[in-house]
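From the two separate chains plus the hints, produce the assembled complex.
Line order of the protein sequences matches chains A and B.
Counted from 1, the first sequence has number 50 at position 50 by the working numbering; the numbering is strictly sequential.
Remember, the working numbering sits 264 above the position in the second sequence when you count from 1.
Everything labelled a hint here was simulated from the structure, so no lab data went into it.
Glycine included, C-beta positions come from ideal geometry on N, C-alpha and C.
Hints are all accurate, no fakes.
Listing some non-contacts, in silico: residues in chain B with all C-beta distances to chain A over 10 angstroms: (1) ILE286; (2) GLU423; (3) GLY430; (4) GLU439; (5) HIS449; (6) TYR451; (7) LYS506.
Result set (DSS-like, lysine-lysine): computed pairs, CA atoms no more than 30 angstroms apart in a straight line: (8) LYS304(B) <-> LYS285(B); (9) LYS424(B) <-> LYS446(B); (10) LYS520(B) <-> LYS414(B); (11) LYS424(B) <-> LYS520(B); (12) LYS351(B) <-> LYS389(B); (13) LYS537(B) <-> LYS202(A); (14) LYS531(B) <-> LYS202(A); (15) LYS281(B) <-> LYS431(B); (16) LYS457(B) <-> LYS202(A); (17) LYS537(B) <-> LYS152(A); (18) LYS495(B) <-> LYS304(B); (19) LYS512(B) <-> LYS431(B); (20) LYS457(B) <-> LYS271(B); (21) LYS429(B) <-> LYS281(B); (22) LYS528(B) <-> LYS202(A); (23) LYS202(A) <-> LYS546(B); (24) LYS446(B) <-> LYS431(B); (25) LYS457(B) <-> LYS512(B); (26) LYS531(B) <-> LYS414(B); (27) LYS202(A) <-> LYS351(B); (28) LYS152(A) <-> LYS546(B); (29) LYS320(B) <-> LYS351(B); (30) LYS320(B) <-> LYS202(A); (31) LYS35(A) <-> LYS111(A); (32) LYS446(B) <-> LYS520(B); (33) LYS111(A) <-> LYS152(A); (34) LYS281(B) <-> LYS304(B); (35) LYS304(B) <-> LYS506(B); (36) LYS429(B) <-> LYS531(B); (37) LYS202(A) <-> LYS551(B).
Which chain A residues face chain B? A few, computed with CB under 8 angstroms, are given here: (38) CYS160; (39) LEU208; (40) GLY213.
The primary structure of each chain is shown beneath.
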Amino acid sequence: MSILARIKSFFGMEAKPDKNASQEEVEKVAEEKAKPRIGYIHLSGCTGDGMSLTENYDILAPLLTEMVDIVYGQTLVDLWEMPEMDIALVEGSVCLQDEHSLHELKEVREKAGLVVAFGSCAATGCFTRYSRGGQQAQPNHESFVPIADLVKVDLAIPGCPPSPEIIAKTVVAVLNDDMDYLQPMMDMAGYTEACGCDLQLKVVNQALCIGCGTCAMACQTRAVSMTNGRPEINSDRCIKCGVCYVQCPRSWWPADRINQDLGL
Amino acid sequence: MVLGTYKEVVAARSTDKQIQKIAQDGGIVSGLFCYALDEKLIDGAVVAGPTDVMWKPEPMVAMSSDEILAAAGTKYTFSPNVWMLKKAVRQYGLEKVGTVAIPCQSMGIRKMQSYPFGVRFLADKIALMLGIFCMENFPYESLRTFISEKAGVDFDLVEKMDIGKGKFWIQTADELLSIPLKETHGYEQSGCKVCLDYVAELADVSTGSVGTPDGWSTVFVRTDAGDTIFKQAVEAGVIETKPMDDVKPGLGLLEKLATDKKTKAMKVIDERKAMGLPVPFKGSGEKEDPLANV
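So here's chain B without its partners, still in its complex pose (with noise of 0.2 angstroms):
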C-alpha cells in the first residue's frame, strides 16, 4: 500500500477559470477551500501565503476566497503551517479549520489529535486537512542557491516553480528552464530522508500533479470527513473529475515514485538504527510491511 488507504482516486481540476489560470497543476487545494469557505464547511484555512521576500512564504490563516487565491500555488520551502493551527483556534476564534499539509505536517496534526498532551481544544476543531504530494522539501537558501547559480536566473524574476518529469521548472515572464531533478538533490533538508510519505497518507484529501495531464490533479479522497466534502464539491461543479484509467501517466507512475521514496528512506532509517542515531520509524526488520509509514 505505498499509496495509503483510500476511497476513491480520481484526475481531477478546478472548473474555475480564475483558478486554473494561477493553480500549481488542477487548483484542488483552491477551489476545495473556496467551496468549503463559501459552503461554511470551514470558518477559515491556514495556507502558506505570500511574504514580502518573493518564495518565502510564511503560514496563514485565509478567511476569504481572495485570500485563498493569493496563497495559490507550490513553494518549494518551508511554511510551518502547523504553528499557526493554534492561531487560528485562539485568535480568530475559528471553530472549523481548513489546512493545507505536506505529509509531515499532516504527520504533526494526526499525532496530535490522537495524543493531545499539552494542546487544548483544537484536535476537533481540524475540520479539513487537504494533503500534497511531497518528494522532499527545501530550505530557502537551497532554493535561492541552485535557481541563481545553476539555473542563472534572478530569484525575484522567478514567476512559478514546478516539478514534472524529472525536472525542476522555472519560469520567468519570458522563458522557462530546468535543472535535471538529480542536480537538486544534496540542496534538500535532511530530515526528508526519512520520510515515508509520498502521497500525505494522513490526509482527508490529498492531491498533487504525479499520475495526470498538465493541468489537473491526482486526487485521493480518504477519510469519511474528506469523502463528504469532495462529493460535494464535485455535485457542486467546482471541482470536475475523470477516472484515473482514463489518463496518463496514471497511477502506475505514483506508484513508481512512492516506493522510490519510501525504499530509499527505509535504507537511510535501517543506516541510522545501525549507527545507533534515534529515529522514530521501525526498521525494516521490525513491521510486516517494509514500506508502510510506522
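So that you can see chain A by itself, here it is in the shape it has in the complex (with noise of 0.2 angstroms):
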C-alpha cells in the first residue's frame, strides 16, 4: 500500500469501492508530483499547534521524509534567509509593536503560494486577543491580532491546538488537491474575529440551536456547558478560538463530505 493509502486508512479517508480505480490515479499523481515544499513561521503562539502536527506519530516519519520537504522553520531548518515555498503554516498571532513580525509576515505573504493560518491564534488571534501589554521581557508588546488583519490568509485551521487529525487530513487533502475538503477552511480564512459568544449571537439569537451539545463537547477549556439545552458560555475561561462555532452542525455542514466518509 502505498504511504498515502496508509494515511488515508488510518484516518479512516478512504474512498468507496467503486472508486477505487480514479482513486489509485489521484495517489500515482500525487507520488509523481514534485514534494511540496513547506515552510514553518512561529509568530506570538506557544508552539502547542506544531505539537499537535507532532502527535500523528503513526504517520510523521513517511509524512516528512518522504511526502513534504520542510525547508523553512527555526530550530527546524538551519536557513536564515527565508525560501520559497509552496506553503507556509504560521502559527501564532502578529504583534502590531513587534517590527520583525510585521517583515516576516509580509516577506511570507510574498514567499509562500499558500498562507496557512495554522491554529486559533494565527486564524482569530485566540488567547492573544487578551493582551493589554505590561509584561516583561516587552512590556510594549500589547497589540496582537490575526494574521489576516495584515496579509491574504488562504486557509485558516482554527484550534488551541488543532487536533493532529485534521492536521493530517488537511495534508492528505492538501497533497491530493482536494478542494472540496478544503473550501471550509478557505473560508474560514474570514473568521478572524471568533467569541464563545457567536453560540449566542449566530446560532441561539438566529433560531439555529437544537441543543445538540456538539459545542459544549468540542470547546478545548471547557469553558462552555448546556443549560436548559443551550450553550452557556463561561467568559472567563473563553479563549476566543472559534472552535465551539466552527463545530457547531449549524454553522455550515459539509454534508457531501460526510456521505463520502460514511460510505453513504
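Listed below in C-alpha cells is the structure:
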C-alpha cells in the first residue's frame, strides 16, 4: 500500500470501493508530483500547534521524509534567508509592536504560494486577544491580531491546538488537490473575530440552536456548558479560539463529505 | 431518498422480556447497547439518563446493562448527549463508545468526525451510533406546560409519553390521555424548523416506532459498522426481525412523514434565505434533490 493510502486508511479516508480505480490514479499523480515545500513560521503562539502536528506519530516519519520537504522553520531548518515555499504554516498571532514579526509575515506572503493560518492564534487571535501589554520581557508588546488582518490568508485551521487528525486530513487533502475538503478552511480565512458568544449571537439568536451539545463537547477549555438545552459561556474561561462555533452543525454543513466518509 | 441511504430496513424488537416491558417501542436501542456491552463491542454508551427532576434527562455514560435499562424510554426534551462524548473518552477512558443520537446530534457528531478541528482523538472512538427518528424536540417548560395545561395532568404522575397516530399520548398509573399533535405545535424549539432529517440518516443504525405495529420498531441499517453489529445481534437471538412488507402501516407512512418534515423545513429554509437570515443548508433552487439533507 502506498504511504498516502496508508495514511488515508489510518484516518478512515478511503474512497468508496467503486471509485478505487480513479483514486489510485490520484494517488499515483500525488506521488509523482514534486514534494511540496513547507515552511513553518512561528509568531506569537505557544508552540502547541506545532506539537499537535508531531502527535501524528504513526504517519509523521513517512510524511516528513517522503511526502513533504520542510524548507524553513526556526529550530527545524538551518537557514536564515526565507526561501520560496509552496505552503507556509503560520503559528501565532502577529504583534503590531514587533517590527520583526510584521516584516516576517509580509515576507511569508511574498514567498509562499499558500499562507495557512495554523491554529487559532493565527486564525482568530485566540488567547492573545486578551493581551494589554505591560508584561516582561517586552512591556510595550500589547496588540496582537490574527494574521489575516495584515496579509491575505488562503486557509485557516482553527483549534487551540488544531487536532492531530485535522492536520493530517488537511495535509492529505493538499497533496491530493482535494479542494472540496479544503473549502470550509478557505471560507474560515475570513472568520477572524471569534468568541464563545458567537453561539448566542449566530446560533441561538438566529433560531438555529437545537441543543445537541456539540459546542460544549468541542470547547477545548471547558468554557461551554449546556443549561436547559442551550450553550452557556463562561467568559472567564473562553479563549476566543472559535472552535465551538466552527464545530456547530448549524454554522456550516459539509453534507457531501460526511456521506462520502460514511460510505453512504 | 427521504429515508436516507440504507442497506436494509426491517421491523424488529428486542427478545428480552424485561426490555420489552420498559422500552418505548421495540427496545432496539436498549437491546443493541446491552448486547454490544456484553460482547465488548463497546466499552460504554452515552445515553439520556434519568435525573432527580421527572422527565428532565441528562446525558450519562452507561457502563452496564442495568444502567442502559435505567435510561430506557423516550424523553421528549433536550439531553445534549454529544457533550458527554468527550467525557466518555477522557474521564471514563473508553476506547469504543456507543451513543444514541437524534438526527441533529448525529449531524454534530458526523461533522466532528469529518472535520475534527478542535477535537483530539475522539473521532475514531465512536464505535456505534444508534439514531432515533425525530420530528421535533420540546424545551422542558413547553413539555410541562402542554401536559399540565392541555392534558390537565400533574407532570410527576406521568409514567410514559409517546407520539403516534397523530396524537401525543400520556400514560399515568390509571389513565391514558392524549392531546392532538397539532395542539403541541408552537411548543417545539424553533431550531427544529429547518431540520431536513427525520430518520437519522447519518446513524449506523436508526430506529423508531413509525411504520411498525405496537411493540415493534422500524430499523434502518445504514453503515458497515451498523450492519456488522445488527447482524450479530439478530444471529445471537437478542433481536428478532420481520420483513417490512409483512407489517402495517409499513414504509409508506415513514416516507410520508419524512417528506412532510423535509417539505416544511425547505419552506422555512427558503423563507429564511429570502429574509437574509443565516441557515447552513442549501435553498431548494441550489440542490438537485430538493429534499436532501444538504
